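Sequences listed follow chains C and L, in order. Mapping the first sequence onto the UniProt record's numbering, position 631 (from 1) lands on 631, and the numbers just tick up by one. Mapping the second sequence onto the UniProt record's numbering, position 478 (from 1) lands on 478, and the numbers just tick up by one.
Copies of one chain are not kept apart here, so a pair can be met inside one copy or by any two copies together.
Below, computed lysine-lysine pairings styled on BS3-like, alpha-carbon distance capped at 30 Å:
1) 7 <-> 35
2) 149 <-> 406
3) 603 <-> 155
4) 155 <-> 142
5) 35 <-> 343
6) 95 <-> 35
7) 556 <-> 422
Note that these hints are calculated values from the structure, not bench results. As the structure is a prediction and not an experimental result, all values here were calculated from the model.
2 protein chains.
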Amino acid sequence: MHFETTKDGFTLAIGNRTILSHSSDSPAFFAGFGKERMDMYRGNFDIEDYVIERTALRHAEVNGDSVTLSSSPGQAPRLRLTLDGNAIRLTALDKTVNRLWLRIVAETDEHVWGGGEQMSYFDMRGRRFPLWTSEPGVGRDKTTEITFKSDVSGKAGGDYYNTNYPQPTWLSSRKYALHVETSAYSVFDFRNDDFHEIEIWAIPERIEFFAGDSFTDIVSALSLRFGRQPELPEWVYNGAIIGLKDGANSFARLEKIRAAGTKVSGLWCEDWVGLRQTSFGARLFWDWQANDTRYPHLRQKIAELADQGIRFLGYVNPYLCVDGPLFPVAEKAGYFATDAEGKTALVDFGEFDCGVVDFTNPAAADWFAEEIIGRNMLDFGLSGWMADFGEYLPIDITLSNGVDAKLMHNAWPTLWAEVNAKAVESRGETGEALFFMRAGFTGVQAHCPLIWGGDQSVDFSRHDGLVTVICGALSSGLMGNAYHHSDIGGYTSLFGNVRTAELIMRWTEMAAFTPVMRTHEGNRPRDNLQIDQDEAVLAHFARMTSIYVALAPYLKSLSAEAAESGLPVQRPLFLHYEDDRQTYEIQDCYLYGADMLVAPVWKAGETQRSLYLPGDGEWVHLWSDTHYRGGRDITVEAPLGEPAIFYRADSSQRQLFEKLRTIG
Amino acid sequence: MHFETTKDGFTLAIGNRTILSHSSDSPAFFAGFGKERMDMYRGNFDIEDYVIERTALRHAEVNGDSVTLSSSPGQAPRLRLTLDGNAIRLTALDKTVNRLWLRIVAETDEHVWGGGEQMSYFDMRGRRFPLWTSEPGVGRDKTTEITFKSDVSGKAGGDYYNTNYPQPTWLSSRKYALHVETSAYSVFDFRNDDFHEIEIWAIPERIEFFAGDSFTDIVSALSLRFGRQPELPEWVYNGAIIGLKDGANSFARLEKIRAAGTKVSGLWCEDWVGLRQTSFGARLFWDWQANDTRYPHLRQKIAELADQGIRFLGYVNPYLCVDGPLFPVAEKAGYFATDAEGKTALVDFGEFDCGVVDFTNPAAADWFAEEIIGRNMLDFGLSGWMADFGEYLPIDITLSNGVDAKLMHNAWPTLWAEVNAKAVESRGETGEALFFMRAGFTGVQAHCPLIWGGDQSVDFSRHDGLVTVICGALSSGLMGNAYHHSDIGGYTSLFGNVRTAELIMRWTEMAAFTPVMRTHEGNRPRDNLQIDQDEAVLAHFARMTSIYVALAPYLKSLSAEAAESGLPVQRPLFLHYEDDRQTYEIQDCYLYGADMLVAPVWKAGETQRSLYLPGDGEWVHLWSDTHYRGGRDITVEAPLGEPAIFYRADSSQRQLFEKLRTIG
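In isolation and in its complexed conformation, chain C is listed as follows:
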């Protein structure tokens, strides 16, 4: 990679792909100064920028591997670019600059994917994506009542681009990937025909490029760059993780679920820490240790479950409530982030305040890893947990490392993942203890073994329902997150929106073809149908866990492949059919490894599924054994219990797949 001087500027190419094209008439770089307004309300951000200056850096002076940019000849240089392997290092020569815009050459028919975990649009072309970790929104579609009501009641409606896990990285159909190394607020704008614009509220350290002959090569390279997860623990293959938060009653309910023939690998009780009553209902008590009132003799119970081959999982997040016993310990040790007056910064989570453990303070991070996750959780017998939050770092607090909280906000999920991973490693449990996160950012891949798709609404909606989980799996998968899963049945039930049996069943049958099956009671368990409350739902669920277990050898091979090559378990169709442009926008089907294609039914009341079969090989419909030639649109029957699933006729795993058909 080198700068090619042109008459009036320069170009930069990777292989035969021109990536940068700069001239004084058509500059690729703009620098300036802005003043942002950022308001946070419980993890939802209202962000607005007042751009005071945006100056085209028209004049470029190329010196070998370095380019100096200024607004015009004779003017003070404002930015330097330096080639560094497959990256451009950026140096601010004008320290007042706090905004940078750059344009990457685009082709009209180009597609782009990534941006971290995107829940609404897998192909990002034609839209603008702010990249800032936050609540993803409830409804996420300004035309729906739920979004409207969520906006009005708590600024919580969100939009298509809101995500727990943004990442300034994209993969282009031009067979390259681009990554911006920065934790500042940034925006990918793919709305223009001939360029993509990147906006960054800082001068980023580097822009990195990854090119390859195939998409799989590039995805492997990204996985190496950002970190690779260990293989799934063996115990996960035993069945589903059952999420119950019913105190001691959870054990009896688990028994009933197992009695229906359900294969179970774990019991996940997020209320293991006890409850707090608020006017919104019961909330968890945010002090991370077993609560003997809600779960008497939990240690013994965990041992009893272990005897039956069932693991126990819990819950943790990076906050400590002021009225819990851990808070004064942390405060005394100076582990909390502070406010403008140097006092512990308190965050209101809805009738209770919490301190933010400052993970930029190594002692605080070590303490959380050792004392909380290590001692209170792993040593206590937990085999996994939801490592919740990570998106809420307030932007007005003071951190131990002295970096502006606005610059640490996006970096926080990765620090949080690191604390969890360090604790797991300290007990030698890497690849054995399984924690799952919804928040993410660049580098989370190296620490978090399993992504969970966050809090969908309990419905079939286009932007917050079942189908969004596929988009999340595919986009995050390209960024090097091999394992993705979701709350079966969704999570958020508000404004009278409640689960139907159909929704749980459709979600279950999709989840059987993802790395991990896990249920969740949702935010309002009593208002919503649970898997153990309806015979048909429970029987369907039990059958799907059998299918999951039967398919485990294949999943295990995919997990080995992921560890080896960085390819995710759930893959967009184009990853293996890269010349078939018809696959580039598909986001409601996925390849489950190279040999299986999964097309969940994601609309209410539908009993057929239409989809595009890629390639020119032969595909076998899992349930009917009907054979189809690829390269065409087809429609198949897909009643409850038979999501549209196909396998390659030439798969070496064919016999395994055929067996699934017999599981009644």
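For chain C, the structure is supplied; the task is to place chain L on it using the hints.
Frame of chain C, contents of chain L only:
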């Protein structure tokens, strides 16, 4: 006024008020280039700007009355400012510039009013106001269901700044006014503490300043600058204008209304042109001549009404439907604006298409004034009409004068007003025929004798109900529009929102203290209560028309004052109490001339009204004769029929006011 050179820039002051303060460190001028996206859907605009460059013009060279601005010393000059009396002329020296931002010095506790006719916020400080004529929105408040549903169903919800009548003019509490002479899209941004930012999507011709010792002086000066209306016609003082659109049945209904004791000055039938049936319901037939089917023998009916001292009013707008007889006449003569292919540009108004008569073509404007308004309306016997629309000029059509339709869009309402005024003048009916418009822009004052506040929702809502009419009257009044009125009972009934008797009565009793009382049946007459459908409503209405008529001598004196001095009939409290800063944000009361203060009840279910009485004089409560000293907050009883109204104890009109108390 002259430029004062400073060490590193210049300042400009009016009297002792510094208006511009420019230095290289803190520049007041920014020039650049943007690419806008403007989508219109039935008069509602979705506008977004991509600012490609925004360059601070840091370097100023002052030469007497001229300043040349560039980004830095030695760089090409981009903008020239030249003093021209109390204005700055602006000249673009760089023709690529299509965006200008400039900062006017602000004080922290400064208030600003104006912006044309603003319906939500009279004091504009703290908010940003795009200035672009459009539909004002239904609901105009993103937290209400009606706004949400209007947005989803027709992009029609609007927001606080949407208005039929924007104008880039403000009045400051620093006792100066500023006007931007441009018809380009512009924005007033009053969100900053130490400056107001003006954004213009063009280099404007001039920035004009008006300073004075008193607010009344400045308002008089603005009225001279923009044009002054004639006095109200004598016939208006005879009572209310009754709006009915019931075909021939309107006459019988009018009789019933009169029989109840109602004082009537006019009958307004917008359906005089006949109807068209669409799936949305009955619409007017947009071909401007009397329809003999809907109104048989209309000419004779008009004469009969005249014998009873009642005028007849109609309706017109600047479009002609393709299936009417006038369309081919105009098309043949080349009077329509054209599309990209040179054909007549057609605008869809909901199941019917119309041509846009091109008022930049003098022949077309003359034809419309002479043949349509002159012959079909005035000669036919109409004494007035609603001159509707003016906000919908499509931005992608070709106009006869060769100017970009984006630059003509804001200018259109004034052209439309001019066509109407010209027709009236041609018949010697100026000051006698009364047309009323909701659309406006700079200069509409010279042509339109009466503003109508547009289409409120039929409710008490904060941003689209009764109270918004006061804000509209006060803001437009400061810009030199002396006469304002509104649809009694509101207009827009959607999504089950319908008129209550209370709403009609509250609106009526406010309207009795405005220049013109006029009813409207609303967009869905059959679903909504009408004044002649409820005995109590009709009796209340009749009484209020008697009060209006009894008060007419006072109104007439205000009209004479308006013609003389340009002061509006409805005035913000600060206009006569300019040192009383407590009055600066009041927008739900108004002075009716100098001697009367009107505080309508604008919330449902309220029977008291709290308000601030300005000054240190004595105020008399109209209904109870209770005396109050000014300078304090008070609360008075305000049952239906007794809006909170006060007059100055020392008023020369005291006897007249006292008489109102006796009207039962």
